[in-house]
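If you read the sequences in order, they're chains X and V. Residues 4 to 125 (our numbering) make up the first sequence, in order. Residues 0 to 106 (our numbering) make up the second sequence, in order.
A portion of the hints provided could be inaccurate.
To be verified - Below, computed lysine to any residue pairings styled on SDA-like, alpha-carbon distance capped at 25 angstroms: (1) X:66 <-> V:91; (2) V:44 <-> X:12; (3) V:44 <-> X:124; (4) V:44 <-> X:69; (5) V:41 <-> X:121; (6) X:66 <-> V:54; (7) V:44 <-> X:44; (8) V:38 <-> X:44; (9) X:66 <-> X:104; (10) V:38 <-> X:69; (11) V:41 <-> X:12; (12) X:66 <-> V:4; (13) X:26 <-> V:8; (14) V:44 <-> X:17.
Said to hold, decoys possible - Here chain V is said to cover these stretches of chain X; the calculated rule only asks that three of the stretch's residues, wherever they fall, bring their Cβ under 8 angstroms from a Cβ of chain V: (15) 56 to 67; (16) 74 to 81; (17) 103 to 113.
Unchecked claim - So, partial list: chain X residues that the calculated Cβ filter (under 7 angstroms) puts toward chain V: (18) 21; (19) 47; (20) 50; (21) 98.
For the record, the hints were derived by calculation from the structure and aren't laboratory data. The beta-carbon is built from N, C-alpha and C at its ideal position, and this holds for glycine as well.
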Amino acid sequence: QVQLVQSGAEVKKPGASVKVSCKASGYTFTSYAISWVRQAPGQGLEWMGWISGYNGNTNYAQKFQGRVTMTTDTSTSTAYMELRNLRSDDTAVYYCARWRPFSTSPYYFDYWGQGTLVTVSS
Amino acid sequence: DIQMTQSPSSLSASVGDRVTITCRASQSISSSLNWYQQKPGKAPKLLIYSASTLQSGVSSRFSGSGSGTDFTLTVSGLQPEDFAIYYCQQSYTVTFTFGPGTKVEIK
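Bound-form chain V, shown alone (with noise of 0.2 angstroms):
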């Protein structure tokens, strides 16, 4: 199975920082990467296909990029209800994995 890891596991920022989160997948996995955001007690939310592609309705402050093994979600200009666990997942596979998530927490 393909492994997924994420870093840093936690950070802490203020309202109105860039904030980047690392992904990384065990294998080559092109771009079949996606990044959910979950809020307390809330189902996750779809924010990124294909590694880059916003879903819609999504924020323009968020963007990914990456390939192969090497992924990036940025948030650009960090907003209070954006504070929130980042997961990503390959889906290279259909034995779909996830990360571990990045919590962002407020400074």
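If we strip away everything but chain X, and leave its shape as in the complex, we get (with noise of 0.2 angstroms):
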């Protein structure tokens, strides 16, 4: 079955940077993208960006260029969301979600992580 598992709560003092992985298992991770998304306490949906796990093309919302990175690493089918200078405001959930671009089929997030609490406070 498909899951996506991943890391852990972090953390982290204002000015510091984050990393939040997220396997994949139960398809072919070379066949999809993975898209991150958060939550900030009480607070909607927030769309981050995206990493193709074929080619590792990334799109970036433009709130967040600069300031993010996305990776992968194919060999163990982990996603990777880094985010740096953090703010206090970055304190949210943030969530990855696989879907499936350039292909006939329309685009969704079918299964989605289980979530990594991020705190930013000093």
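Dock chain one against chain two, each of which comes alone in its own frame, and use the hints as you go.
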């Protein structure tokens, strides 16, 4: 069965960086992309960007460009999201989600990770 | 970027009610509209894609309609497990954007 398993909660100080992992199983990693979505406490869903599992191409939301880097390790079917120069308003649950790009099928996020809480506090 | 709005932001309903949530896009997105359900402390769950296609395993109580800029999610015969927050998402462009959400509460 398809699973996306994320790394554990993190506590970081302002100005630091965080790297969250998302390990995929149960499907061909290189046939899908991974999107990252975050949710601040009590707030809605915010799309951050995606990375192709096939060729590592990325597409970042303008809001995060210059501060986020998404990578993959196809040997372990793992995607990573690194966010730098953290601020208190980056405190959120970060989710990874799978979608299938560049196909004739519609695009949607059909499987999600369990979420990783990142707390930014001095 | 395409902006998404939803109405209402919250609603109260009783078990057995029929509930309708509206989502509007800032430009035409054809039928590239998905709906997700999120319960407290859980990841979102895909309910409907392409505006009206029910995701495998999702109850037929859920239905979606619309195209262009205006879309609706309907829950027919609300069940206790349906009290949650519902988000729409455009997938017309791969800079996916979500609506702000609609919270469905128990009356």
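Can you tell me if the stretch 56 to 67 of chain X counts as covered by chain V, using C-beta to C-beta distances under 8 angstroms and a minimum of three residues? holds (count 3)
Holds or violated: residue 41 (chain V) to residue 12 (chain X), with C-alpha atoms at most 25 angstroms apart: OK: residue 41 (chain V) and residue 12 (chain X) at ~15 angstroms, within 25 angstroms.
Run the distance test for residue 41 (chain V) versus residue 121 (chain X): straight-line Cα separation, threshold 25 angstroms. 16 angstroms, holds
For the pair supplied as a hint, residue 44 (chain V) and residue 124 (chain X), is the alpha-carbon distance within the 25 angstroms limit? 30 angstroms, violated
Measure nothing beyond the straight line between the CA atoms of residue 44 (chain V) and residue 44 (chain X); if it is 25 angstroms or shorter, mark the hint as holding. Roughly 18 angstroms between the alpha carbons, so the hint for residue 44 (chain V) and residue 44 (chain X) holds.
Within 8 angstroms of chain V (C-beta), three or more residues of the stretch 74 to 81 of chain X: As far as the stretch 74 to 81 of chain X goes, the hint is violated, because 0 residues have Cβ atoms under 8 angstroms from chain V.
Is the Cα-Cα distance between residue 26 (chain X) and residue 8 (chain V) 25 angstroms or less? 34 angstroms, violated
Classify the hint on residue 98 (chain X) as holds or violated, based on whether any CB of chain V lies nearer than 7 angstroms to its CB. For residue 98 (chain X), the interface hint holds, since the closest Cβ of chain V sits about 6 angstroms away, which is under 7 angstroms.
Can the restraint linking residue 66 (chain X) and residue 54 (chain V) be considered satisfied, given a maximum Cα separation of 25 angstroms? Status violated; Cα separation ~31 angstroms.
Against the 25 angstroms threshold, does the CA-CA distance of residue 44 (chain V) and residue 69 (chain X) hold or violate the hint? Given pair residue 44 (chain V), residue 69 (chain X) is violated - Cα atoms ~30 angstroms apart, limit 25 angstroms.
Is it true that the CA of residue 44 (chain V) sits at most 25 angstroms from the CA of residue 12 (chain X)? Holds, at about 21 angstroms.
Can the restraint linking residue 38 (chain V) and residue 69 (chain X) be considered satisfied, given a maximum Cα separation of 25 angstroms? Not OK: residue 38 (chain V) and residue 69 (chain X) at ~32 angstroms, beyond 25 angstroms, violated.
Of the numbered hints stated above, those contradicted by the structure are hints 3, 4, 6, 10, 13, 14, 16, 18, listed in ascending order.
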